[in-house]
Each structure stands twice: as structure tokens, then as C-alpha cells.
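The residues making up each chain are set out below.
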Amino acid sequence: MTGNPLHDGLRLEPTPGPTTLVIFGASGDLTRRKLLPALYRLSHRSRLPAQFAVIGVARSAMEDEAFRAQFRESLREFAGPDAEWDEVAKSLASQMYYLSGETSDPGLYQRLATRLKEIQGAEGVLFYLAIPPTIYATVIEQLGAANLATQPERGWRRVIIEKPFGTDLASARELNQIAHRHFSEDQVYRIDHYLGKETVQNLLVFRFGNGMFEPVWNRRYIDHVQITASETVGVEHRAAYYEGAGALRDMVQNHLMQVLSLVAMEPPIAFTAESVRDRKLDALLAVQPLVDVGDSTRTGWGVVRAQYGAGWVNGAEVPAYCAEPGVNPASTAETFVAARVLLDSWRWAGVPFYLRTGKRLPKRTTEIAIQFRRPPLEIFRRASQTSVVPDLLIVNVQPDEGISLRFDAKLPGTRMQIAPVMMNFRYGTTFGGEVPEAYETLLLDAMLGDPTLFARHDFVETSWALMTPVLEAWRSQPGPIPTYEAGEWGPAQADELIAQDRRRWRTL
Amino acid sequence: MTPSAPAPTSGTEVPFVKIADAMARRVCQDGGATPMRALVATVVAVGPTDRLGGATEVLQSLADAGTVRGILISEGDNAEPPARVAGNTVALHGLKPRYVNNAVAALRLSSLPTLVWWRGGLADTLDGLADLADRIVLDDEEPRAIWARAVTLFEESAFSDVRWARLTQWRALMAHFFDIPEVQAACAQFTRLEIRARDPISAALLAAWLTSTIRFNEGFAVDVTDAPGGPPVQEVRLGRFAGSDRLDDDQQELMLRLAGSESCLETSVSVRGHRSASRVVSVRDQSLIGVLTGELRIRARDMAFERAVQAIIAEGLPVGPRPESSP
Chain A
1 MTGNPLHDGL RLEPTPGPTT LVIFGASGDL TRRKLLPALY RLSHRSRLPA
51 QFAVIGVARS AMEDEAFRAQ FRESLREFAG PDAEWDEVAK SLASQMYYLS
101 GETSDPGLYQ RLATRLKEIQ GAEGVLFYLA IPPTIYATVI EQLGAANLAT
151 QPERGWRRVI IEKPFGTDLA SARELNQIAH RHFSEDQVYR IDHYLGKETV
201 QNLLVFRFGN GMFEPVWNRR YIDHVQITAS ETVGVEHRAA YYEGAGALRD
251 MVQNHLMQVL SLVAMEPPIA FTAESVRDRK LDALLAVQPL VDVGDSTRTG
301 WGVVRAQYGA GWVNGAEVPA YCAEPGVNPA STAETFVAAR VLLDSWRWAG
351 VPFYLRTGKR LPKRTTEIAI QFRRPPLEIF RRASQTSVVP DLLIVNVQPD
401 EGISLRFDAK LPGTRMQIAP VMMNFRYGTT FGGEVPEAYE TLLLDAMLGD
451 PTLFARHDFV ETSWALMTPV LEAWRSQPGP IPTYEAGEWG PAQADELIAQ
501 DRRRWRTL
Chain B
1 MTPSAPAPTS GTEVPFVKIA DAMARRVCQD GGATPMRALV ATVVAVGPTD
51 RLGGATEVLQ SLADAGTVRG ILISEGDNAE PPARVAGNTV ALHGLKPRYV
101 NNAVAALRLS SLPTLVWWRG GLADTLDGLA DLADRIVLDD EEPRAIWARA
151 VTLFEESAFS DVRWARLTQW RALMAHFFDI PEVQAACAQF TRLEIRARDP
201 ISAALLAAWL TSTIRFNEGF AVDVTDAPGG PPVQEVRLGR FAGSDRLDDD
251 QQELMLRLAG SESCLETSVS VRGHRSASRV VSVRDQSLIG VLTGELRIRA
301 RDMAFERAVQ AIIAEGLPVG PRPESSP
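Chains A and B, in that order, are what the protein sequence lines are. If you're matching positions, the first sequence starts at 1 in my numbering and goes up one per residue. If you're matching positions, the second sequence starts at 1 in my numbering and goes up one per residue.
Careful, some of the hints might be misleading.
SDA-like, lysine to any residue: derived pairs with alpha carbons at most 25 Å apart [as the list claims (entries may be wrong)]: (1) A:Lys-90 - A:Arg-72; (2) A:Lys-90 - A:Ile-119; (3) A:Lys-90 - B:Asn-78; (4) A:Lys-90 - B:Thr-168; (5) A:Lys-90 - B:His-93; (6) A:Lys-90 - B:Glu-57; (7) A:Lys-90 - B:Arg-299; (8) A:Lys-90 - B:Pro-228.
Beta-carbon label-pair distances, calculated as ranges [what the hints assert, rightly or not]: (9) A:Thr-507 - B:Glu-141: 55 to 63 Å; (10) A:Arg-415 - B:Asp-64: 54 to 62 Å; (11) A:Arg-207 - B:Gly-230: 27 to 35 Å; (12) B:Glu-141 - A:Pro-375: 40 to 48 Å; (13) A:Ala-409 - B:Gly-53: 36 to 44 Å; (14) B:Glu-315 - A:Glu-185: 45 to 53 Å; (15) A:Thr-430 - B:Arg-144: 33 to 41 Å; (16) B:Asp-50 - A:Arg-415: 49 to 57 Å; (17) A:Ala-419 - B:Asn-102: 35 to 43 Å; (18) A:Asp-186 - B:Gln-189: 33 to 41 Å; (19) A:Ala-270 - B:Pro-48: 33 to 41 Å.
Rather than coming from a laboratory, the hints here were simulated on the basis of the structure. Where is the CB? At the ideal position from N, CA and C, for every residue including glycine.
Just need the whole structure built from these sequences, with the hints factored in.
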């Protein structure tokens with residue numbers, strides 16, 4: 001029998017073959033908050049294979065039972081109100097094992113290899129690096145040395161690497177080189193959880209599955225694009241990481257560049273991983289350098305950074321970034337970035353993409369707003385007291401995933417009055433049922449061997465090639481960084497950045 | 001017992017020609033109270049009055065979610081029955097069967113798929129609906145006659161069955177077993193499929209799907225045993241086994257069994273006498289609302305269902321208990 005004919009038919013969604021998931025960083029935050037709840041939900045949806053096991057690896061000394069108890073605790077805290085310690089969860093827990101050890105100790109990997117041999121379903125092994133980026137290289141090298149990275153005759157070996165993938169172009173290149181020494185590119189899955197969100201995936205369907213949008217998706221009809229990823233939270237418990245990263249590395253280099261590439265890419269010739277990722281890379285290669293050194297008509301650069309000061313968010317008084325626990329009081333880490341991005345391409349020449357992201361902003365939202373040009377002739381200007389507003393297409397990435405279209409309509413009555421109206425499509429209400437969490441989608445895709453929603457090595461390096469000059473320029477600028485009051489939409493410089501083009505940020 | 005009327009309990013009674021006006025007025029009256037939603041389909045429930053009592057609630061629940069238009073039609077002898085409109089639901093009580101497809105054509109949302117939920121009635125009505133509907137979900141107490149008619153309409157519309165939809169999880173888990181290389185290798189030695197079921201039709205569908213998809217060796221036997229009470233299917237065992245709990249060296253067995261609470265399925269695989277995988281998974285929502293919501297997500301022909309039905313029509317049911325009565 002070749003393949004599995006029982007999977008034929010649309011009703012049965014694809015499920016991976018026998019798999020063991022090895023999580024490095026098993027006692028860490030990402031595992032507890034995201035990975036274990038995602039596995040629980042996948043199990044409830046029957047998307048995990050019949051032979052499936054999890055091996056948690058971390059430094060903390062722990063028995064299998066303690067790891068299972070951590071899984072239970074993780075469900076209680078992070079899997080949502082519907083999650084229960086039910087028969088399904090207990091059954092999944094019984095397939096969880098734990099290994100403790102230092103990631104630099106070759107003995108750990110020998111024990112891991114032994115454990116994998118003992119476990120049913122280890123034909124496919126997915127290593128998940130949910131560990132600090134500083135030890136990615138160590139783990140990859142050790143996996144290679146222990147012969148755990150080599151594709152077996154029957155089965156597969158893959159590795160998921162969390163963001164940030166490098167801290168600049170040089171480190172990203174080095175990490176890619178280390179990964180490629182032991183894994184081929186098709187074994188490496190660089191995760192960006194934004195790509196697992198339904199709306200982000202739907203961008204491809206929206207653009208290339210419909211005939212009516214793509215013809216207007218260009219400089220002739222689109223005035224500009226705004227991509228916003230705002231958070232209300234501060235640095236929380238991530239100060240140690242965030243102090244060395246900042247918003248540019250944490251959000252722009254990965255999430256926002258991925259979203260931008262999906263909005264800007266040319267149509268792929270097929271919905272295959274390589275075709276989609278080739279076109280995304282093309283879009284990124286077309287981005288002009290962000291450090292705006294050659295343009296004498298502009299003041300400063302196309303990138304603004306700032307750090308939040310004290311203020312009020314969601315009705316609560318919050319401290320300044322520099323006063324947060326674990327943060328250097330003289331820190332210059334940016335918690336807000338706004339950027340004006342131009343693309344050198346026929347499709348997008350002259351159409352700015354404005355990006356902004358920040359912490360302690362008034363509202364948690366991620367959206368892509370495509371603002372269309374005004375009609376060439378405003379024939380209603382005299383007849384109507386109200387002015388025509390440009391059409392707007394809004395792709396809500398989170399929290400309320402969906403697409404909205406704003407256009408003008410005549411107000412009922414004998415007089416000509418025009419008002420904007422909004423048509424809304426929402427995933428949550430339209431199709432019913434739960435929208436899968438990004439980590440569910442991405443874990444499953446990695447087990448199935450579909451890299452479409454993962455970043456390729458050249459995309460990551462191209463993105464870092466754009467960010468690194470900005471980081472270097474900031475490093476060369478001594479003195480304090482601009483601040484904004486927590487609960488405001490960033491610093492005045494961000495407003496000035498867009499105002500130079502006679503535009504303004506959307507009020508969200 | 002008096003059959004319950006297939007009409008929403010609230011709403012406005014209007015003549016047929018005024019339905020569109022009534023629905024528009026309803027939208028205006030509700031104004032901002034009605035959340036703006038993107039519509040996805042029309043769902044039409046058709047059947048005799050006594051089979052539409054429960055359907056009313058289900059349809060209204062789907063329509064209340066705001067994304068489908070619900071049309072409820074009970075067959076009768078009235079050419080111009082009054083229509084009752086409540087929100088996104090229209091109910092026509094006692095419509096002559098020959099006018100059913102005409103009413104559906106007038107009332108369905110244009111440009112969006114139409115799903116017909118067939119709760120029984122004259123088979124001739126199905127022919128007309130097959131032209132209009134994108135999907136027809138059969139839900140008949142004794143479906144073999146309507147299946148025989150449906151087989152001739154497979155090229156016209158996409159067919160499914162509520163029983164089939166409720167088997168989805170059983171089928172998915174069986175498919176997972178066959179992802180295991182040892183199971184694929186042992187498949188040629190399988191000699192028997194045993195199903196414990198309350199509903200022989202569901203058991204037959206499951207057996208027909210499996211035997212029409214995988215070519216088992218000659219002499220492969222299907223055995224359905226009666227399990228009164230409880231869910232339609234309760235246990236499935238496939239393999240080469242002696243029948244006792246003790247595994248011998250040659251024994252191969254795939255087993256799916258409802259767990260005590262009936263919300264979970266226990267699964268286990270035994271190859272060469274060694275139990276190699278076992279787990280518990282949830283059964284998923286088996287309510288009519290859950291099943292129909294699932295059916296609304298499927299847009300294409302279900303060839304696996306078609307093959308299974310054709311096999312049953314050609315070969316009949318495996319020996320087993322009498323058909324169940326649908327709720």
C-alpha cells in the first residue's frame with residue numbers, strides 16, 4: 001500500500017505520521033504558555049498522530065511525572081477556560097517524558113538518542129528550540145555531533161528555531177551556517193508566529209484567490225499602507241531579553257517584515273512553499289535602505305525610535321520602561337519604532353508603507369490598513385456638506401481576526417450627503433468554531449513538513465541586512481532616546497515622520 | 001402524538017410574496033442590535049412535519065448566529081402556505097412537495113451556497129432540490145431508499161449524511177492507525193472487522209468505507225453485533241485476532257472504543273502481539289448543530305461517502321441489528 005488512502009476526502013484533515021516532539025527549554029515560559037496548550041488543543045482536534053510523544057529537555061532536575069504536572073498546570077493557566085484535565089489531556093500526558101541536563105553536555109544528547117530509540121513513534125523527530133537564542137548554536141552543534149540531525153532512512157528529523165534568529169546580519173549568517181552544517185535547509189523551520197495567524201494566511205487567499213483585488217493592488221490605486229502592531233503591556237518579565245533586543249529586533253525585523261512582504265509580494269506561480277517564499281523574498285529585496293542618508297528633502301531618517309515613560313494604560317498607572325524591574329535605569333532600548341518603508345518595484349514605486357509597533361500603547365491590536373487613492377474628480381464636493389473619505393481596506397490580524405472595507409455611501413434623504421460605511425468580515429462569527437492558535441498551525445505544519453509559513457534563511461538575512469544599518473546608526477548616537485507617555489500612540493517624532501508626507505496615522 | 005409545527009415560536013406571519021419585505025423590515029427594526037455578519041450560506045430543512053420539530057431549533061440556532069439564512073419547509077398539501085419570518089429564518093408549513101424546489105429557489109440567498117438538510121419526504125422532491133442545492137445532507141430514519149435515489153444524483157449535487165458526518169472522528173482515527181508503518185505492513189494479514197453498534201446503518205457506512213478504500217484479502221469478514229442503547233457505534237476492532245483479551249504472537253489489532261463518558265474514544269494498536277500505541281481522543285460535537293456546522297465547512301463532493309453508499313446499495317447491509325430511529 002502506498003500512502004494512506006484512508007486520508008482521502010476533504011473531511012479528514014491531514015495528520016502527521018508517527019512523531020516525537022523534543023522541546024529544548026521544556027520548563028520555560030514559551031513551553032508553558034504556548035507549546036503545551038497548543039499540543040492539548042491539537043490533541044482535542046485529533047490532529048496528532050496515533051504514535052506521538054513529547055520529550056521535554058531542560059536544565060531543571062525533574063522526573064517525567066513532574067513534567068506531566070507542569071503540563072497540567074500549563075493547561076489550567078494558559079489553555080483557556082474550556083481546557084480541562086480530561087481523558088484526552090491525561091492520555092496526552094502519559095506520552096510525555098522529561099530529560100534534564102546541560103545543553104552543552106554531549107551526554108544529554110546520548111541519553112536523548114537512547115530515549116528516542118525506546119519511544120514508539122520516533123520515526124519523525126521534531127526538535128523545538130524554545131531556549132535563549134544564545135544557546136541555539138550549542139544545541140544545533142550537539143544534535144549534529146550526536147547524529148540526531150541526520151535524516152534517517154525511514155522518517156525525518158526537523159528543527160524549529162524560535163525568534164530572534166540572530167541579533168544582526170552577521171550573527172544571523174553565522175547561525176544559518178551552523179544550522180546548515182548539520183541540517184539541510186528543508187529541515188530548518190524558523191518560526192514566526194505571526195505567520196500562523198489565520199488572517200495573515202488569508203492575505204494570500206484574499207489577494208490571489210480573488211480576481212477583483214489584485215488589479216487594484218498597486219501604486220495606481222493605493223495611496224499608502226499602514227501596518228500597526230501595538231501592545232498595551234510593558235516589558236513584563238522579559239527585561240533581560242528586551243534590554244538586548246528592543247522593538248526593532250523583537251517586532252520589526254521579523255513580524256512586520258513578514259507581514260509587509262505578504263502585502264507587497266507579487267503573485268506566486270503556485271501555492272507551494274518555495275514559490276511563495278521566493279516572491280516574499282523579492283518583495284523584501286525591493287525595500288529601500290531604511291537609513292535615509294541620501295534624501296535631502298527629508299529631515300532625519302525613515303525610522304523613529306522611542307521608549308515609554310510613565311503613564312496610564314487601561315485605567316491603571318504604569319511605570320516608565322527605565323523603572324521596570326530588571327531594566328537598566330539608563331537604558332536606551334527602544335520600546336517603540338515607526339518606519340517609513342519604500343519599495344523599488346513597478347508595483348509599489350512611490351507608495352509608502354508606514355510601520356509602527358510599540359509597548360504601552362493605548363490599545364492591543366495588529367492590523368494592516370490599505371488606503372486607496374481618492375477618486376480623480378470629487379464631483380460631490382459642492383453638493384455634499386460632508387467630504388468624501390478615501391476607501392480603506394483593513395486586515396485585522398489580532399485580536400478580532402477579519403477584514404473590513406470602508407467606503408462612502410449616500411445617506412438616505414433628499415439631500416446629497418455622504419458618509420463612510422464599513423463592511424465587516426470576522427472569522428470568529430462567520431465560520432463559527434474556534435480559530436486555531438498560531439502555534440497549533442505552525443507545530444502541525446512542521447510535523448507535516450510544510451515550510452510555507454516559516455522563514456527561509458535568505459529572507460531572514462535580507463531582513464537583517466535592512467535592520468543592521470539602523471541599529472548601527474542608533475548605536476553611534478549617544479544621549480537619551482526620545483520618550484512617549486505610556487498610553488499614548490508613540491512620540492511626536494512618529495507623527496512628524498508621516499506628516500512629512502501630508503498623511504497621518506490611523507486612529508485605532 | 002401531535003406533531004410539532006415547523007415554525008419559529010416567535011416572528012411575524014406573512015404571505016409568501018411578503019417574505020422579502022418582512023425580512024428587510026426586521027433588519028431595519030433591529031438596526032444596530034443585529035451584529036453585522038458576513039453571510040456564508042442558505043440552510044434549508046425539508047421533511048414531514050413530525051420530523052421537523054427538532055429541526056426548527058437547530059435551524060433557528062444556526063440562523064441566529066447571523067451567518068446563514070434558514071428556510072424550514074414541511075411537506076403538506078398547501079400550494080400557498082403562510083410563511084412565518086423570524087430574524088434570518090423563514091418557515092413554510094405544509095407546502096405541496098412539488099412546490100418545494102420553487103420555494104427554495106425564491107428564498108435562498110443568491111450567490112452563496114445552499115445546503116439542504118433532508119429530513120425525509122418524497123424522493124421526487126430530492127430531484128428538484130439537487131438542481132438547486134450545492135450540498136444535500138441526508139438525515140432519514142431509514143435512508144436506503146433515498147440513498148438509492150441519491151446515487152443517481154451524485155453528479156448534480158454534493159451529498160452527505162448525518163450518520164456519515166458523525167462517523168468522521170471514527171474514520172479519522174482509523175486513518176491515523178494506517179499512518180503507522182507496522183500497521184500498513186500488517187494490513188494484508190487482517191481477516192476481520194468487528195463493529196459493535198446500536199445503529200446498523202452507521203456500522204454499514206463505516207464498514208463500507210473501509211472495505212471500499214482498502215483492499216483486504218479474500219475471506220475478509222465484517223461482523224456487526226447489536227449493542228442496544230447508547231451512541232450509534234460503540235466499538236470497532238480491525239485485524240487478525242483471536243477474540244480474547246490476551247494477545248497471542250500473531251495477533252494484530254486496531255481497536256477504537258467509546259470511553260465510559262461517551263465523550264472520548266480510546267484507541268489502541270497491537271502489532272505482533274505487542275501493544276504499540278494507545279491514547280484517548282475526544283469524540284467532538286455530535287449534536288445536530290455541531291454536525292451541520294461541520295457540514296457547512298465542506299464545499300466539495302465527498303467521494304468517500306459516495307463510494308460507501310454505492311457499496312451498500314450494491315451489497316446490502318452486513319448482518320446486524322435493525323435500523324435505529326433518528327432523534
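Verification of the hints:
1. A:Lys-90 - A:Arg-72: 9 Å, holds
2. A:Lys-90 - A:Ile-119: At roughly 18 Å apart (the allowed maximum being 25 Å), A:Ile-119 and A:Lys-90 satisfy the hint.
3. A:Lys-90 - B:Asn-78: Distance of about 56 Å is beyond 25 Å: violated.
4. A:Lys-90 - B:Thr-168: Since the Cα atoms of A:Lys-90 and B:Thr-168 sit roughly 23 Å apart, the hinted pair holds (cutoff 25 Å).
5. A:Lys-90 - B:His-93: 49 Å, violated
6. A:Lys-90 - B:Glu-57: 35 Å, violated
7. A:Lys-90 - B:Arg-299: With Cα atoms ~35 Å apart, A:Lys-90 and B:Arg-299 exceed 25 Å; violated.
8. A:Lys-90 - B:Pro-228: Not satisfied, since the Cα-Cα distance of roughly 29 Å exceeds 25 Å.
9. A:Thr-507 - B:Glu-141: 55 to 63 Å: Taking Cβ atoms as reference, A:Thr-507 and B:Glu-141 lie about 58 Å apart, which means the hint holds.
10. A:Arg-415 - B:Asp-64: 54 to 62 Å: Given range 54 to 62 Å: violated, Cβ gap about 37 Å.
11. A:Arg-207 - B:Gly-230: 27 to 35 Å: 49 Å, violated
12. B:Glu-141 - A:Pro-375: 40 to 48 Å: 60 Å, violated
13. A:Ala-409 - B:Gly-53: 36 to 44 Å: Given about 43 Å between the Cβ atoms, the range holds.
14. B:Glu-315 - A:Glu-185: 45 to 53 Å: 51 Å Cβ-Cβ, so the 45 to 53 Å window holds.
15. A:Thr-430 - B:Arg-144: 33 to 41 Å: 36 Å, holds
16. B:Asp-50 - A:Arg-415: 49 to 57 Å: The hint (49 to 57 Å, Cβ to Cβ) holds, given that B:Asp-50 and A:Arg-415 are roughly 56 Å apart.
17. A:Ala-419 - B:Asn-102: 35 to 43 Å: 40 Å, holds
18. A:Asp-186 - B:Gln-189: 33 to 41 Å: 36 Å, holds
19. A:Ala-270 - B:Pro-48: 33 to 41 Å: 49 Å, violated
In summary, the numbered hints that this structure violates are 3, 5, 6, 7, 8, 10, 11, 12, 19.
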